[in-house]
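So the protein lines, in turn, are chains A and B. All residue numbers for the first sequence refer to the working numbering, where the first residue is 1 and numbers rise by one. All residue numbers for the second sequence refer to the working numbering, where the first residue is 307 and numbers rise by one.
No lab work stands behind these hints, which were simulated from the structure alone. These numbers come from a predicted model, not from an experiment. Ideal placement from N, C-alpha and C gives every residue a C-beta, glycine not left out. A portion of the hints provided could be inaccurate.
[Said to hold, decoys possible] Across the chosen pairs, the derived CB separations fall in these ranges:
#, chain 1, residue 1, chain 2, residue 2, range
1, B, Tyr579, A, Gly40, 35 to 45 Å
2, B, Gly370, A, Leu11, 48 to 58 Å
3, A, Leu115, B, His519, 43 to 53 Å
4, B, Leu385, A, Gly40, 38 to 48 Å
5, B, Pro562, A, Gly165, 30 to 40 Å
Below, each chain spelled out in residue letters.
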Amino acid sequence: MARRIAVRILLGAFTVLAVVLLTFVLQYVVPGDPARSIAGPKATPEVLKEIRGQLRLDDPWWSQLGHYLSSVLQGDLGTSYSNDRPVLSLILERLPATAALAAAALVVELVLGGLWGMWEALRPKRSWLLATVNVGLLSMPVFSLGFLLLLLFGYQLPIFPIDGGSGPAQLVLPAITLGLMGSPYYANVVRDSMREALSSSYVRTAVSKGLSRRRIVSRHVLRNIASPVTTLIGMDVAVFLSGVVFVEKIFAWPGIGQMQTEAFADLDRPLLTGTVIVAAALVVTANLLVDLLRSAIDPRAASEAP
Amino acid sequence: MSTVPVTPPTATAPVATAASGPRPDQPRPAARATARTAGRRLWLTGLCLLGFLVVLALCTPLAGSPYTIHTDSLTSQGLPAGVGENGHLLGTDAIGRDLFARTLFGLRATLIIALTANLTSVALGAVVGLVAGFYRGWFEQVLMRIVDVFLSVPTVLSGLALASIVGRGTTGIIIVVTALYWAWTARLVHGETVRLRGRGFVEAALAHGVRRHTALRRHVLPHLSTILLNVAALNGAAVVVVGAGLSYLGAGIQPPTPELGNMLADGSSSMTYAPHTLFVPLVLVIATVLAFVLVAEGLNRRNPLSERRSWLDA
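Hey, can you work out the whole structure from these sequences and the hints?
Below is the structure:
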C-alpha cells in the first residue's frame, strides 16, 4: 500500500515536470520575439536589448532551461506581459471563483445524475424519455447550453442577474450549465454500476434473506457505487477546468477560464503557459487524492496495480 | 354429485418460473437482439444526419457570397433582416451579410476541421496505443507516461495556450485539436491491445513462428476495428465541440471567414435584438455533434452489459 502510494506520487510529479518541460520547448521553438511583444512596436534597440537581457533570451538553451526549471520549482511562473505582475499570484487570485463554480456544478451533477441513474437502474425497462434527454445533453456543446440558458433565464425571463458580478445569484446559471453537462455521465456510471450490483450474487443473498428493498438498495447497492462515482469526481477536475473557459466567458464569471481567454487575446505567453502548469498540477493532485480515497472506500481498489 | 376438490394454488408455480427463467446476470438472448436492432437504428440515423450535413456543406457554390454586405436588407431601424425577409432565406447577420451563405460556408469549415482532426487524432492515438500495447517493455512505459502527460492537461485551457504558439487558421486548429485528443484514443487502444495480446490465438500465431509485426497486423488489428469505430464516433463529437469552441474563443478560424464557432461569437453579441444570428449556427453545431453522438450511442447499445437485470425483479 505504502509502496503503491509512493509510486503514484512519483508518477504524478513526473507528469507535472513533463508538462513544464513541454511548455518550455514550445516557447523555445516558437517564432517571434517576446521582448518585442513586451516593449511594443516602438521600442528602441537599447530597450529591447535590456529586456532580452532580463529574460535571458540570449543565453544558450540549456542555461535558459535550467533557469526556467529552477524558477518554476520555486513557484515563480514568470511575469505577465500584459499587467506586469507575477503569474502565480494572478492565478491564485482567480482560482477561488473557479473553485466555487466547480463546487456548485458538482452538487448539481451529483444530485441530478445520481437520482437519474438510480431511477433508471431500479426500473426494469429502459425509459425512452431519459434516453432521449441523455443523447440530447451529450450532444449539447457546453457553450450552446450556456447560450440557451442565458437567453431564457437572463433575457427572456430575467430571473437571474447577468451583470457579471461574482455573488451567489450570478453563480446559479453557470453552475447549472456546467452541472447539466456532466449529469448524463454521472447517470450512466450510477446506472451501470447499480445494475452490476443488483445482478450480483450478494444482492441475491440479500433478497433471499428477506431484506426489504429499501435496505438492500441503501446498505448493499449504494455502497458499491461510491467507488466509481469517486473516480468520476476526480476526472471532473480536468473536465471542469476545460469547460469553465466557455462558461466563464458566456456568463462573465471572473475565474481562471475568463483569465485564460483574456491572456490569449493579449498573447500573454507566461500567463497562458502558467495556467496550464497550475491546471496540470491540480489534475494530478486530484487524481492522487481520488486514488487514496477509493482505496479507503473500497478494499478491492487498494490491490490494483499503480 | 361429488365436488371435485379444487386444488389450492400451489406455492411451486412462481418458484418454477423463477428457476426456469434466465439468471439476471446473464443477458437474455432476446434482449440482446432488441438492443442490437435499436442500436442499428440509432447509428444509421446518426450516419444519415452526418451525410446530410456533408451534402449541405457541399452546396456552398449555390449559396452566394458569405462576404457581401447587403446594406439594403437592414430595416429602417438598422436591424438585420429576420428569417425569410428581403429575399434572405435565413435573414442576415448584424452587419447585413446573408446568413444562409455564411452558415453553409461556416458548416463546411467546421466539418473540414472536425473530420480531419478526428482522423489525425484517432490515427495517431491508435498507432501509439497499438505499438505500446503490443511490443511492451520499456518502450511501452515511456509511451504511456507521455500519454498520461497529455491526459492531465485540461483541453480548452491548454488549447488556448497551444493556439497562441502554433498559430490560428485551419491547419493551426487541426494541430491543436490533434495534440489535445490523440491520447484518449491511445489509452483505450492500448488497453484493448494488451487484452488481445494475452489471447490464445495471438500466442498460437507467435508460437507458430509468425513474425511479430505480422501477428500484429493479421491477428490484433482486425479485432480493434469495433473499438476504433466507437472511439472515432465519440472522439468526433468531442472534436466538433472543441474545434468550434476554440473558434468561438477567437483561437480558430479568424473572421471575416465564416466558421460556425466564430459565427456563434458574432451571434452572441447580437442575440438580444436578432436571436436568429445566434440560433442558426447553434442549431448546426448541435446537429453535427448529435450525428456523432447518435453513432456512438447506437454502437454502444450493442453492448449487452447494459441489459443486465436485477435480482430485485426476479
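- Assessment of proposed distance window 35 to 45 Å (beta carbons of Tyr579 (chain B), Gly40 (chain A)): For Gly40 (chain A) against Tyr579 (chain B), whose Cβ atoms are near 37 Å apart, the range 35 to 45 Å holds.
- Item | Range agreement (Cβ of Gly165 (chain A) with Cβ of Pro562 (chain B), hint 30 to 40 Å) | Hint holds: Cβ distance 34 Å, inside 30 to 40 Å.
- Take the C-beta atom of Leu115 (chain A) and the C-beta atom of His519 (chain B), compute their distance, and say whether it sits inside 43 to 53 Å. holds (51 Å)
- Should the hint that Gly370 (chain B) and Leu11 (chain A) are 48 to 58 Å apart at their CB atoms be regarded as holding? Holds: the Cβ-Cβ distance is about 56 Å, inside 48 to 58 Å.
- When you take the CB atoms of Leu385 (chain B) and Gly40 (chain A), is the distance between them in 38 to 48 Å? At roughly 39 Å between Cβ atoms, Gly40 (chain A) and Leu385 (chain B) fall inside 38 to 48 Å, so the hint holds.
Figure legend: structure checked against the earlier numbered hints; every hint is met.
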